[in-house]
Amino acid sequence: MNDMRTMDNTVLNETKITARDVHVHYGTTHAIKGVDVDIADRTVTAFIGPSGCGKSTFLRCLNRMNDTIPGAVVTGEIKIDEADIYDPRVDPVQLRAKVGMVFQKPNPFPKSIYDNVAYGPKIHGLAKNKAELDEIVEKALRRGAIWDEVKDRLHAPGTGLSGGQQQRLCIARAVATEPEILLMDEPCSALDPIATAQVEELIDELRQNFSVVIVTHSMQQAARVSQRTAFFHLGNLVEYGETGKIFTNPEDSRTESYISGRIG
Amino acid sequence: MTDIPQPGATPVERPAPKGDSLLVTDARTKRRNRAERRFKAYGIAALGVGMAFLVALLWAILSNGLTAFTQSYVQLDVPLLEEKLDKDGDRDPAKIAKVSTFGYAPLIEAGLVDLVEKTRVETELAPKALTKILSSSAAAQLRDRVLANPDLIGQTVSVELLASSRVDGYLKGRVSRASLARDKNLDAEHLDLIDAWRDAGLVEKRFNWDFITGADASDSRPEQAGIGVAMLGSLFMMLVVLILSLPIGVAASIYLEEFAPQNRLTDMIEVNISNLAAVPSIVFGILGLAVFIQFMHLPQSAPLVGGLVLTLMTLPTIIISTRAALKAVPPSIRNAALGVGASKMQAVTHHVLPLAMPGILTGTILGLAQALGETAPLLLIGMVGYIATNYPDGVAEGFLAPNSAMPAQIYEWAKRADPAFYERAWGGIIVLLVFLLAMNLIAVLLRRRFERRW
Numbered sequence: 001m002n003d004m005r006t007m008d009n010t011v012l013n014e015t016k017i018t019a020r021d022v023h024v025h026y027g028t029t030h031a032i033k034g035v036d037v038d039i040a041d042r043t044v045t046a047f048i049g050p051s052g053c054g055k056s057t058f059l060r061c062l063n064r065m066n067d068t069i070p071g072a073v074v075t076g077e078i079k080i081d082e083a084d085i086y087d088p089r090v091d092p093v094q095l096r097a098k099v100g101m102v103f104q105k106p107n108p109f110p111k112s113i114y115d116n117v118a119y120g121p122k123i124h125g126l127a128k129n130k131a132e133l134d135e136i137v138e139k140a141l142r143r144g145a146i147w148d149e150v151k152d153r154l155h156a157p158g159t160g161l162s163g164g165q166q167q168r169l170c171i172a173r174a175v176a177t178e179p180e181i182l183l184m185d186e187p188c189s190a191l192d193p194i195a196t197a198q199v200e201e202l203i204d205e206l207r208q209n210f211s212v213v214i215v216t217h218s219m220q221q222a223a224r225v226s227q228r229t230a231f232f233h234l235g236n237l238v239e240y241g242e243t244g245k246i247f248t249n250p251e252d253s254r255t256e257s258y259i260s261g262r263i264g
Numbered sequence: 001m002t003d004i005p006q007p008g009a010t011p012v013e014r015p016a017p018k019g020d021s022l023l024v025t026d027a028r029t030k031r032r033n034r035a036e037r038r039f040k041a042y043g044i045a046a047l048g049v050g051m052a053f054l055v056a057l058l059w060a061i062l063s064n065g066l067t068a069f070t071q072s073y074v075q076l077d078v079p080l081l082e083e084k085l086d087k088d089g090d091r092d093p094a095k096i097a098k099v100s101t102f103g104y105a106p107l108i109e110a111g112l113v114d115l116v117e118k119t120r121v122e123t124e125l126a127p128k129a130l131t132k133i134l135s136s137s138a139a140a141q142l143r144d145r146v147l148a149n150p151d152l153i154g155q156t157v158s159v160e161l162l163a164s165s166r167v168d169g170y171l172k173g174r175v176s177r178a179s180l181a182r183d184k185n186l187d188a189e190h191l192d193l194i195d196a197w198r199d200a201g202l203v204e205k206r207f208n209w210d211f212i213t214g215a216d217a218s219d220s221r222p223e224q225a226g227i228g229v230a231m232l233g234s235l236f237m238m239l240v241v242l243i244l245s246l247p248i249g250v251a252a253s254i255y256l257e258e259f260a261p262q263n264r265l266t267d268m269i270e271v272n273i274s275n276l277a278a279v280p281s282i283v284f285g286i287l288g289l290a291v292f293i294q295f296m297h298l299p300q301s302a303p304l305v306g307g308l309v310l311t312l313m314t315l316p317t318i319i320i321s322t323r324a325a326l327k328a329v330p331p332s333i334r335n336a337a338l339g340v341g342a343s344k345m346q347a348v349t350h351h352v353l354p355l356a357m358p359g360i361l362t363g364t365i366l367g368l369a370q371a372l373g374e375t376a377p378l379l380l381i382g383m384v385g386y387i388a389t390n391y392p393d394g395v396a397e398g399f400l401a402p403n404s405a406m407p408a409q410i411y412e413w414a415k416r417a418d419p420a421f422y423e424r425a426w427g428g429i430i431v432l433l434v435f436l437l438a439m440n441l442i443a444v445l446l447r448r449r450f451e452r453r454w
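Line order of the protein sequences matches chains A and B. Residues in the first sequence are numbered consecutively from 1, following the numbering used here. Residues in the second sequence are numbered consecutively from 1, following the numbering used here.
In case anyone wonders, no lab produced these hints; they're calculated from the structure. Just so you know, not all the hints are guaranteed correct.
Okay, the calculated bits of chain A under chain B, using three or more residues with CB under 8 angstroms as the criterion [claimed, not checked]: (1) 60-74; (2) 102-116; (3) 170-176.
The beta carbon of each residue, even a glycine, is placed where N, CA and C say it ideally should be.
Chain A on its own, in the form it takes in the complex (with noise of 0.2 angstroms):
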């Protein structure tokens, strides 16, 4: 655990998301069981558990990707930026310009590299014209970190990419309509090591604009990039806190034997 980048862990924002009493039913499973967490502004906050644990159903909850799983059933209160997300008058999509998400498995769109970054920007009219798109475009793909690699074939697919290409690139989409807050969804666990790291870094850098979730299944990416962890255990939030507290000195024995490698 020494090897670990230790990050300014002391500075922590305002809160963005509260989340009281959230359950997640899929028909007869009950796969959150009453979680409580609080995620800071600009941070990065990691959710890190076993398989199953809920990790990826609480995360989709927050942008309420859920709602398109036939038979998830969400109850309880979630608030970003004091406003509860799951009211009525809330449409999804409207909220999903704001809570921009990344995926496990690279999917960009099967279109050029620029029109994978401003189909976001267009379908929400960001831009009045061709040069404020280009704009956009380029803004998205630097803080993507891929602008270098991809400018002189903007038009080639983006399907043609490496797969740590893709997913920058896919990030470089989610950030293009100017979320307030990134979901990431174990967005290295099909990547190679070196890939991970360019990425590892980019959410380092992403934290300054953005609060960042992001699910992980590993325990080192998690110390590396968060600044909060949040460890899931059945189902429930068993321990949340400072990633350095959890991973050195957390407090539930359940959170101990899983970092220690005991269980998951």
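Assemble chain B onto chain A, guided by the hints.
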């Protein structure tokens, strides 16, 4: 590192091999290999039988049908006498049009007699009997020509007139002197004339455009029958099918696949769509008769009604193939679109539909091809047996005027007595197959054109 043998050290003794040597095939493996070879042989045999049938079919179609694409014509000089066609000599089109085909028949007769004299063939046939060489439509052909160009009156013009179907059959080898013994339509004497005229180059077979562009003719004039009007009927039907079934089918599939909740009702609908695809087409025919003709009072034998019936028949095919194409689009694409804040409709129209396009188009074209070859439902709405002798005037007439369709026309020819029609039926099959091949080719090309990987 320790198990690497050091040079000079004593070699490690290998354990004795267990069981039999790999160099000897054991009985079990031999049995498996035999089974595999046997299976391959069965497959090749099945393919061989299939290919043999295909070759036999193609051979039968081509050998029987290709002759329909040539037709025999007789070249003769016909005196277009002014006193017969235009008594007043003022070339008034209205008056010329009053002369019916009966006015032209004697002129053609004179032309034939003249031809016999010119070619110095001895014949005992009366002038009246000579006309059996020509199609009974010859007078009408000549009349059309004069009406189109009245200046010809008064001249002796050289015209090519359709030979009768018996003469045509003789030139194609279908009719022989022996078979004429039982035939009142033509005598061996006629054939002597034909032989002489053929040697003189006055009777010859030419490519038969009229078969492709022409209309069906009555029982007594097989030499004049063509598939063109029925082709047009099929075309109008296919237009109706395409315009209705593609949007309805695609919209229904998108709803069922992307939006509909999973419940009893949608399950029922799904099962019923699959079942409809297997319903015999004649059932759709009787449905069309009951709903479109008896209840809605749409015209009988109209391509519009045919198209509606075929739409009902094609819809399940299109829905099933479209749903399969939509299902094949990976869910990650939908997630990606929803993740950047696209609405469900945007995700479908911007991303899923373009990716499903090759499958949708292939399914649609194959459905259309199936509909193009369908005969049974047309029986019940009166498109079989109807003889459309004229082209429809205009597009509206094309949809509403009684017409036939290619497969119905083929069936109609196949059941007529005259063997000359039999040849036309095979020829019609060739035309139909060319259409189907073209549609399949379009399907393949579209698939190639739209195919993208992800």
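Structure-based check of each hint:
1. 60-74: Coverage by chain B holds here, the residue count being 4 at a Cβ distance below 8 angstroms.
2. 102-116: holds (count 7)
3. 170-176: holds (count 4)
When the structure is compared with the earlier hints, no violation turns up for any of them.
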